[in-house]
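Participant: The chain contents come next:
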Amino acid sequence: MIELRDDALVFRFPEVCESASLSIDFQQTLRIPDDRKEYPLPAGLGRFPLRHVDDFAGRVSPGWVEQGGVMLPMYQSEAMWLNFRAGFAAEYDAAYFFAVKVAAGKINAVTGQPWRDRLNQNPQDYLVVPKQPWLDGFCVAEGMIRQFVAMPLGEGYTAEEQLAGKAEWGGIQIMVVPMKREVFEARARKRAEWARSRCVVRESSPAYEMGLAPGGRMRQKIYKDRNSLADWDLEHGSRCFVHIVNSLVWRKITGQPPPSKPPTAAEYARAGIPWYEWYDDDQPALPGMDALAGLKSVATLKVEKGDEALPENESIPVDRVIKLTPQTPSREPSKYKM
Amino acid sequence: MKTTFGCFVRERRETLLRENADYSLRKVAGRIQVEPSYVSKIERDQVAPPSEETIIRLAKDLKEDSDVLLALAGKVSSDLRGAILKRPRLFAELIRQMKNAPDRAVLRMVREVRDGKW
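Each protein sequence line maps, in turn, to chains A and B.
Taking my numbering, I'd label the letters of the first sequence as residues 1210 to 1547.
Taking my numbering, I'd label the letters of the second sequence as residues 25 to 142.
I should point out that these hints are in silico values taken from the structure, not numbers from a laboratory.
This one's a predicted model, so the numbers in the text were calculated from it and none came from an experiment.
Even glycine gets a Cβ: it sits at the ideal position worked out from N, Cα and C.
Some hints here could point you the wrong way.
[To be verified] Cβ pair distances, simulated, as ranges:
#1 B:SER101 with A:GLU1444: 47 to 57 Å
#2 A:GLU1394 with B:GLU59: 23 to 33 Å
#3 B:ASN44 with A:GLU1351: 23 to 33 Å
#4 B:LEU49 with A:GLU1486: 23 to 33 Å
#5 B:ASP103 with A:GLU1377: 53 to 63 Å
#6 B:SER101 with A:GLU1476: 27 to 37 Å
[Stated by the list, open to error] Under the rule of at most 35 Å between Cα atoms (straight-line distance), these lysine-lysine pairs were calculated in the DSBU-like manner:
#7 A:LYS1433 with B:LYS87
#8 B:LYS84 with B:LYS65
#9 B:LYS123 with A:LYS1470
#10 A:LYS1246 with A:LYS1511
#11 A:LYS1340 with A:LYS1461
#12 B:LYS65 with A:LYS1389
#13 A:LYS1340 with B:LYS65
#14 B:LYS84 with A:LYS1430
#15 A:LYS1433 with A:LYS1511
#16 B:LYS141 with A:LYS1375
#17 B:LYS87 with A:LYS1470
#18 A:LYS1389 with B:LYS84
#19 B:LYS87 with B:LYS51
#20 B:LYS123 with B:LYS84
#21 A:LYS1375 with A:LYS1461
#22 A:LYS1433 with B:LYS84
#23 A:LYS1433 with A:LYS1505
#24 A:LYS1399 with B:LYS87
#25 A:LYS1246 with A:LYS1514
Could you put the whole structure together from the sequences, leaning on the hints where they help?
Facilitator: Right, here's the structure in full:
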């Protein structure tokens, strides 16, 4: 079962294990410059609000109602990352394990392949949480992603349009599969032992349906799964469609204001908001797949199309980088002044 | 004996402190924007539990459920209060009906995110 709690999707599998729960929230963040440089991880600046699509059935397209799920608001060219928090099984002193598949416009963010309802290992098309605490973009090379950036569907920027050749789905698709209870218990026991010797706006536009396009380059590994497919409880997977609404029409649909715009790169630097790096030397990463490696970034496509240049895309210095470990995984600075 | 608000907070903070020095009384107080001496009094139940806003900040900092902390403080969050006041008869009846039901039955009542065709 999936419920909405404090603007997070909470996937629970009580039939598998009481502790088998995974919370996923969507963090506002800085859109890193799309300038051929590689950046560390930017901070989380708060959760995007999430609402049931069913609550606004009369104001969104019938297609969205048919797809179900939830929706969130994003401004054009705004960036986001996904924050994963696995439930803690106190009796084993370990967080429960999940396989999480993430797609944008039904294009898998790890492989670039079209959505499939099963987990696959050849190539691996999912993340393992809690080993993978976040996902910031499309995996374009080993240890490298291109940031998730919202763009209107139908203008040719999204990964879906670049790879599938059409603007059909948009949004984000997520599937979560818990580890089999007996496998988790055995692993956790072993680990514990080792420790003793982690509307329609049916009127005129702006177009309100958004998809995710590739932005700037960021250092982030997608970790290889060391488990076998048989270790995952495929009978108990749950999935959810997360629709992305243009923030400019969010209020028309929901009656509520969208979050304020995230800071520009210059404001981010001026406010002294830190950057982050995940310290994980010994973990093997997945290679980037050719399909995703060939994606063109929003800035590149804007030049090719002769569109207005991506605003606020100047390079910025990376002054303060905080190293994070599994013991201190938070990318949400408690205080910063804008 | 019934767990008090202060006792629960102190135990939770000290558990976190064993793993991470950021959970000293002084550092927690700084993050939730109150004086360390106030947190000390809260933990020893020498003062009444703090305001809803402070309890929510404290719950977030201690990675605890804010509804659980509010309940220990004898409070109900304002969003829940608002929801009940909007439809008092309906929610009062619902809570009375469900008060002795097992967790699993209550969880079945939780609104699920609906998956559709895609």
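Participant: Taking the hints in turn, state whether each one holds.
Facilitator: We went through each hint and held it up to the structure:
Checking the proposed 47 to 57 Å range against B:SER101 and A:GLU1444 shows it is violated: the Cβ atoms sit about 36 Å from each other. Distance hint for A:GLU1394 and B:GLU59: a CB-CB separation of about 45 Å, inconsistent with the stated range 23 to 33 Å. The hint said 23 to 33 Å for the Cβ distance between B:ASN44 and A:GLU1351, and at roughly 32 Å that hint holds. For B:LEU49 paired with A:GLU1486, a C-beta distance near 30 Å keeps the hint of 23 to 33 Å intact.
For the pair B:ASP103 and A:GLU1377, the beta carbons lie near 37 Å from each other, so the given range of 53 to 63 Å is not met. Hint check: B:SER101 to A:GLU1476, Cβ distance near 33 Å, so the stated range 27 to 37 Å holds. Between A:LYS1433 and B:LYS87, the direct Cα distance comes to roughly 29 Å. Compliance with the 35 Å bound is thereby established for this hinted pair. Between B:LYS84 and B:LYS65 the alpha-carbon distance is near 20 Å, which keeps this suggested pair within the 35 Å criterion.
Between B:LYS123 and A:LYS1470 the CA atoms are separated by roughly 43 Å; this puts the pair beyond 35 Å, and the hint is violated. Straight-line distance between C-alpha atoms of A:LYS1246 and A:LYS1511 comes to about 18 Å, which keeps the hinted pair within the 35 Å bound. Between A:LYS1340 and A:LYS1461 the alpha-carbon distance is near 39 Å, which puts this suggested pair outside the 35 Å criterion. Distance restraint check for B:LYS65 and A:LYS1389: the Cα-Cα separation of roughly 45 Å exceeds the 35 Å cut-off, and the hinted pair is therefore not satisfied.
As the CA atoms of A:LYS1340 and B:LYS65 are separated by approximately 39 Å, the hinted pair breaks the 35 Å bound. Among the hinted pairs, B:LYS84 with A:LYS1430 is consistent with the structure: their alpha-carbon atoms are about 28 Å apart, no more than 35 Å. Taken as a hint, the A:LYS1433 and A:LYS1511 pair is honoured in the structure, with Cα atoms around 34 Å apart against an allowance of 35 Å. Straight-line distance between C-alpha atoms of B:LYS141 and A:LYS1375 comes to about 19 Å, which keeps the hinted pair within the 35 Å bound.
Distance restraint check for B:LYS87 and A:LYS1470: the Cα-Cα separation of roughly 27 Å lies within the 35 Å cut-off, and the hinted pair is therefore satisfied. This hinted pair checks out: A:LYS1389 and B:LYS84 have alpha carbons roughly 30 Å apart, not beyond 35 Å. Between the alpha carbons of B:LYS87 and B:LYS51 the distance comes to roughly 15 Å, so the proposed pair stays at or under 35 Å and holds. Proximity of B:LYS123 to B:LYS84 is assessed by CA-CA distance (about 27 Å); at most 35 Å being required, the pair is judged to hold.
As the CA atoms of A:LYS1375 and A:LYS1461 are separated by approximately 27 Å, the hinted pair is consistent with the 35 Å bound. At roughly 31 Å between alpha-carbon atoms, A:LYS1433 and B:LYS84 fall within 35 Å of each other, so this suggested pair holds. A C-alpha spacing of about 25 Å is found between A:LYS1433 and A:LYS1505, which places the hinted pair at or below 35 Å, so the restraint holds. Under the criterion of a C-alpha separation no larger than 35 Å, the hint pairing A:LYS1399 with B:LYS87 is consistent with the structure, at around 26 Å.
Restraint check for A:LYS1246 and A:LYS1514: the C-alpha separation of about 22 Å stays at or below 35 Å, so the hint holds.
Of the hints listed earlier, those the structure fails to meet are numbers 1, 2, 5, 9, 11, 12, 13, in rising order.
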